[in-house]
Amino acid sequence: MRTRLFMAALAAVSLGVVAATASAGVQRAQANKLTVWLQVDAQSGWPDLVAAANQQFQQQNPGWTVDVQYQNWSDHLQKFDATLAGSDTPDVIEMGNTEMTKYMAAGAFADLTSSKSQFPNSSHWLAGLAKSGQYGGKVFGVPYYAGSRVITYRADLFKKAGITKPPTSLAQFETDLVKVGKINKAKGFAPLYVGGEDWYTALSFVYDYGGSIATTHGGKWVGSLDSPKSIAGLTAFKKFFDATQPKSTATLDGTSPFPYTVFSQGQTAANYGPAWYTCCTGAKYKGVTAQFVMPSHIKGQPMPGFLGGSDLAVPAPSNAKAQAIQWIADFTSTASEQGLEQKGNIPNATNLLGTSVNERAAARSWFVPQAKHWVDVENGNILKTMLSQILTGKLTVKQAATVASQNIAQTLNES
Amino acid sequence: MRTKAVRRTGWNALGIALFVVLVFPVFWMVSTAFKTEDQINSLTPTWFPTHPTLSHFSDALHRPFFWTDVKNSLIVVLISVAIAMSVAFFAAVALSKYRFTGRKLFLVLMIGIQMLPAAGLIIPLYVVLARYHEVNTLTGVILVYIASVLPFSVWTLRGFIIGIPNDLEEAAMVDGSTRLGAFMRILLPLVAPGLVATSVFAFITSWNEYIFARTLLNDQSRQTITVWLSYFLGTQRQTDWGSLMAASTLTAIPVVIFFLLVQRKIAFGLTRGAVKG
Amino acid sequence: MPYLLVAPVVVVLGAILGYPIYNLVRLSLQRYGLFELIQHHGVYIGLHNFGSVLHDSVFWHTLVRTIVFTIANVGLTIVVGTLLALLLVQVSAWVRILLTAGLVLVWAMPPVVAVQVWNWMTNIQNGVLNYLLTELHVGDYFQHNWYVTPFSQLAMSTTLIVWGALPFVVITVYAALSQVSPELVEAAEIDGAASWRVFKDVTMPVITPVLLILTSLSILWDFGVFTQPYLLIGQGHIVPSNYLMGIYLFEEGYVRADFGRGAAISILMLVIVAAMSIVYVRRMIRLGELA
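Protein chains in written order, with the numbering used here: chain L, 1 to 415; chain E, 1001 to 1277; chain P, 2001 to 2291.
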């Protein structure tokens, strides 16, 4: 009798599971729902701007709701790939500007060229950012916001070393840093904290000297890190690095530890990085932290800074493209962009630019080659390997740059 | 007698030393949850938080969806484990106590399925679930977890059951009960430790599972607690270590409670005999 | 009767995993990149994916590295785990409870969090490990970077993985030890047998099935391990010279969005793991035959 009960229970359980799988659940996608994927930076940094855009959108489209789902940089692309496989993609997605090209080339996004005029300030879009959203002459991404790189420093320590104004040339900066190093003999202290493998920094030197990562010749990519100008830039970087950094930072890439953590521990007087570093430089130094533009080796000019940023795109399988475009227009409105600017970001159009250090630094900027496989170069850590080889002395600048150049060309030219 | 006591003290000392080494990372996590920001980032480690603060716990508890996601995790894990364990137990009994054709094949399948790298199955599973509109549902995740836990449970439970001598059931059957009845009465209590160990493992594996939960669940109101945790690490900006450690401590508590509830079933005293003389 | 008992498992697994596994095999025979993913249509290229992987020297180097890694991890886990379980038998009840509680705490820590704690304990600026080693005069480890060489990176990963794997092994072996009849042990000791003989003749037969299971499972898990080394070493320092198979699969298949190749690598991994664990699996199956 008991055994029969057991058997019955078993059968019921297994049938239940099968039924659950087989029954096409009544979970159909809600009609009139817009799904938006933004990065968590928006959730923690400017949730009010998101709410305002949602409200505006809902007024324009009664009966529609907006479902904003926040994503992490580390896995949002894998998640996006899964939705592309299943055809239930979001209607709007935030993409990093270096991530765009691969997906544009694969046909992941809707063509927004004919709707360009709908986006506020589109005729004044920042050139660098706008380019990251274009492919084959068509527009697939709307610039969202950008960020350049600046020097965040300890005004008190600089003053103590007798430096009264920001340096106007790289040579001057190096001298200043050495002075700051002399008055701070704490073990492990570095006047400037820069990860040796932080290629955003190292390559700024390359572009400052007129070099580049790769160029196209007759439809094929050719690596140019081994060109004379690039090598000059890398050599200048090595010299600068050796003069201002402890040996141990040669193999660090600036994510572990974060430069601002080192800053907050009092172990460095300056960081070169995004402007929002001031968020995390420690309560202790809040009053004495300031910023200035990183100087070029050419006196009076800023060093070209990597222009990071995000675009907003509409995945091709979306069923709500018109609404998606409208939401993007609401979120990149003049008011919204001005809100982003106030939070320390660079807005997406030149007519909205202010005079913060971040925005002044963006006057000279560089960007990565716009190739379908650029993401693979980044993920393959080719640049980081090159830098650690140079800085640890394992290879000469010329050797390391030649190897990297060949690897980059090979990766970019993959089919 | 005295040497036995001395030896025992020696073992105890070793046990305590090992305890300290093993638990240190957990201790570090919990103590950090109580430290102030400065103590966390300081250059020299702070061993004990001298001015413990509850602000990190408060921050973690007040983050949106914490309680909702705890509830989701509990639902998903308890259902998966309950179903998987019962189904696996019967299969394990069949595999160890009966002879039937296809037995070897079934066994090979149980271990074979576990050899499939999970990463390889993410997209195919997603596509299948999407077809039945089970993406972004707790049911979908439950199904995936059951499938993940079943092969291992069958395989392990079989091992425990094999270790039990047949004489017992034979003795019971002499009394006139059916084979299955004999199993239930005699086997179940003896296999209890193994059953508990396996279900604890199933519970913990499912509770801490991240990849599938992350891929399948999009709405923050439907996510599990491990996905909720990952948001602390997501931004490019500073990781809030204090709150992350506080949040992690909180997510570990249900596991500890579950274990405490079932641990009595694992014999901690070697007091039972197998066959009475 | 047995078929009725086994049926639910077959039904559940068939329903959930049947199509995905079929899909995986099919994918491995297609060219399926991001473009094909969006089109929902791949191009059949037969065994080309497999050929490409087997001709890739990175695959072979990674394989050897992963086999060595697996042997180290499994060896440490099983040996240390069994020793700890035996220790649990020897200590007083309160120490036993303390240790078990500790093990459960270790077990309860989500791997993602454990990695963060490891990262932190070993970080170059203020990691506790460097601090302790310097204070205990083991050497000057001030600002020592533990993640420079592949060996060091994988060694750190090993400590993390073995630490996380111990609780399950210890508790399971301990549960199995509880099935050893104390009367038999006493009888053997009274007869004058050394503890090693007692272990070999009385204890081992009972716990052997469990040890075989744990070993075979550990081989599976450690061979395909992904989360811990990937997060600990950090995506920024993952390069072919420190690839493990699980990471190789992820990088080559999914990050590069070459899903066909990823499927081929998955199947190759399955074959290799099967080959590695066949000895244990066969013994496991044969043991059951005697019942």
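Misleading hints may appear alongside valid ones.
Said to hold, decoys possible - With the C-beta cut set under 10 Å, the calculated list includes, among others, these residues of chain E facing chain P:
#	residue
1	Pro1025
2	Lys1097
3	Phe1152
If you are wondering where the hints come from, they were derived from the structure by calculation, not from laboratory data. As the structure is a computational prediction, the values presented were derived from the model and not from experiment. For glycine and all other residues, C-beta sits at the position ideal for the given N, C-alpha and C.
Evaluated hints:
1. Pro1025: holds, 5 Å
2. Lys1097: Hint on Lys1097(E): holds, closest Cβ of chain P at ~7 Å, below 10 Å.
3. Phe1152: Holds. Min distance 7 Å.
When the structure is compared with the earlier hints, no violation turns up for any of them.
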